[in-house]
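Undergrad: Put the two chains together into one complex, using the hints given.
What follows is each chain in one-letter form.
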Amino acid sequence: MPRLKNKDTMNSISLAKTFAQNPDRRYIMFGGKGGLGKTTFSAAAAYHLAKKGFRVLVFSVDPQASLSDIFEKDIFGKGPTEIMPNLFAQEIDADQRVKAYQQEIRQKILDMYGMDKIPDEIESYLQAAAAEPAMEESAIFDEVVEIVIKKDYDYYIYDLVPLGHALYYLSMASVYDAWISKITQLREQMREYDQVAAVVRREKELSEDAILNELLYIKERINTSSSILTDKKKTAFYFVITPEEMVIKDTIKAAELFTKFDVPLSGYIINRVLPPELRQQNIPEYLKNRIAMQDHYMKVIRDTFGSQILTSVPEMERDVTGLPMIEKVARAMFGNSA
Amino acid sequence: MTEKIKEQDLEKKKSGILQAVKEFVYGAAAHDSARYALKTRASMEHLFILITMGDMLGVPILPPYYSLRLLPYVVPQISTWKRRMLREKDLMDALA
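From first to last, the protein sequence lines are chains R and C. Going by our numbering, the first residue of the first sequence is number 1, and it counts up by one from there. Going by our numbering, the first residue of the second sequence is number 1, and it counts up by one from there.
Chain C extracted, bound-state conformation (with noise of 0.2 Å):
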């Protein structure tokens, strides 16, 4: 028995030691975050464009003289948006 606690030892010293290079190296927690919160922001970029443009789709929410104001700053992501809009399911989930 006192094998098996000494293997787990092992183990543990062996994932703590690593995930302090990690972290030292990397930099990993702020990396994780940054990635996260990008990540979460072009998810809810996608969402707002659905919102505003969503007469692209045939579901008309802001009057269409004031959605078309808002054209010009999203004309980059206009073709990414559709790829995804037809890929990511998890986009009608944070709708629903």
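One chain only, chain R, in its complex shape (with noise of 0.2 Å):
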């Protein structure tokens, strides 16, 4: 399989060096439009940094996730799985979260209040806010945040959804902090309020808000996830792209919001690039055109991203599954030193 030498990504600093250079980078996400490669850069990557010694957490937040397809293995609900030596992947169940969790809350409400049965009005909103679609995208978010707060992995590589909900989780985070920001405030103004009411009535004794609690440590959940994100040191991002209009327009659109988000961007790779090589072939009429298009929007990407791309990588014979393919790949993004 011929390596590709792109003499304009030899001028920018490659994959393998970026790494090599930002050792404190341990959450690597992969983001970009649906079924452009993020999955399989993801199992490439974490394959890489295992084959290194570094013990990695592949996980994916799609509901629709396709890590147990890439490794062919059922992973699926199952926690960390291991892969091979130090490469664990994991596909979290949301579904499963959030009806475990329901039954947490059921039994603290029983607990609570010494009740046999959950009073109707309680059981009915707890069915439907169980059913709401963000209950799914905010089981996922504190799934994760459960993640990384154990720090048992050397790398965190976060297989994205396609780009939409990238950013949609990206900005839960911020949105949701200025929330219970307020909410605190308002709590604690409340609390205010308990105190004069207490000293007047010459009560010593203050019951601890415990919601103000709840409410602290959601913040500090939410805290950690947005830390992470935003924070350069830590998060490494890359933008998956192909050569192809449509792509790349929307690209430009991401980056601008993710500029917004204060979300470090380090860098592209471009994925599916038919080798150039076959032109010297003897190819049919579509395939050469098809090449010269590629050209054109490999000079796009270069003219618009410049020294920010970081690799090409090649447009594989078959489908990127198991372990051998996953190594090819990993060996035409951080190069053969890998």
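Just so you know, these hints were derived from the structure itself, not from any lab. Computed from a predicted structure; not experimentally measured.
Capping the alpha-carbon separation at 20 Å, the derived lysine to any residue pairs in SDA-like fashion look like this: (1) R:Lys99 with C:Leu71; (2) R:Lys99 with C:Leu70; (3) R:Lys78 with R:Lys99.
To list a few chain C residues with every Cβ distance to chain R over 10 Å, as calculated: (4) Lys4; (5) Lys6; (6) Glu7; (7) Gln8; (8) Asp9; (9) Leu10; (10) Glu11; (11) Lys12; (12) Lys13; (13) Gly16; (14) Ile17.
No residue lacks a Cβ here, since even glycine has one placed at the ideal position from N, Cα and C.
TA: Structure (structure tokens):
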């Protein structure tokens, strides 16, 4: 399989170098439109790092996850599963988590109020809340916080859902943080009123505001997530692009949004590049045209993103599934020295 | 004219005495403060529930995963809250 030599990418720092030069960047994310190769690159990067001796967890936040597909192992909802030494993969089963969570809440209510049964009103609220689409996303969000808080791994690779959702997650963090602050303030104000009433009535005892503590806990969870995602030193975000017009256009828009949310963009990786050497062979007209088109868009990409392009990865001869193919992609991404 | 002034003086004295009696006997200032504080807290409590459990009214705000976490703490207030929500318009004013 020919290795692509692109003189322009040689001018910029390569992907391998950027990893080597930023050893503290332990949170890696590949983003971009659906179907362009994020999962492939997530798996390949995880492979590369695991081979180097780092303990790596690659996990999926996509409800239609394909990590099971790429590793040819059913890992859905099974927690972190070892794929090979040092390499662990996890597909979060949001449904399972929400159900378990509902049960936790039910039990808490029964315990707190000494009830035998949950009141109908409360039960119907529990069901309705769990059915909300936003519940699944926020359950995944919390699961991710849970994973990174434990610090069990050297590297965490987030296999993100297609572009739109990725930005939603990132924006969620700051929006919710703002809301929690407001609510916490309100709550603290209420506590002040409590104190006035208590003093006036000569009550020495003030019951602890359990809700305030819960809010602070929630704030802490959300902060953990956003502090990681917006820290250039801790997080690397790579955009996956292909030499196609719409992809390039959408990526430019997305890059602007990322700047808005203060998410550090570490570089671009071009995927699915047809080897230009094909031109020398006897190929059908339509392939010749495709390569010519590709040349044009490669130029557009170089002109638009310049030195932020870290590497190009060729179109593979077959589906990337299974470790041998993943290894091929890893070599294309990080170079043969990997 | 002096009659009127006398009358006003008398009224003032009466109310003054009454007031003093009130304050002395009922600790009115303290009582009012406490009532006011509790009433405001009750309003804020309800406002707070609205904000966190707003999705009952179709106004989602906190991520559902996290607002669910607060559910156990507001269980006692949920039925009173619903009733009050349907009655009190000043809660809506407070929100505005």
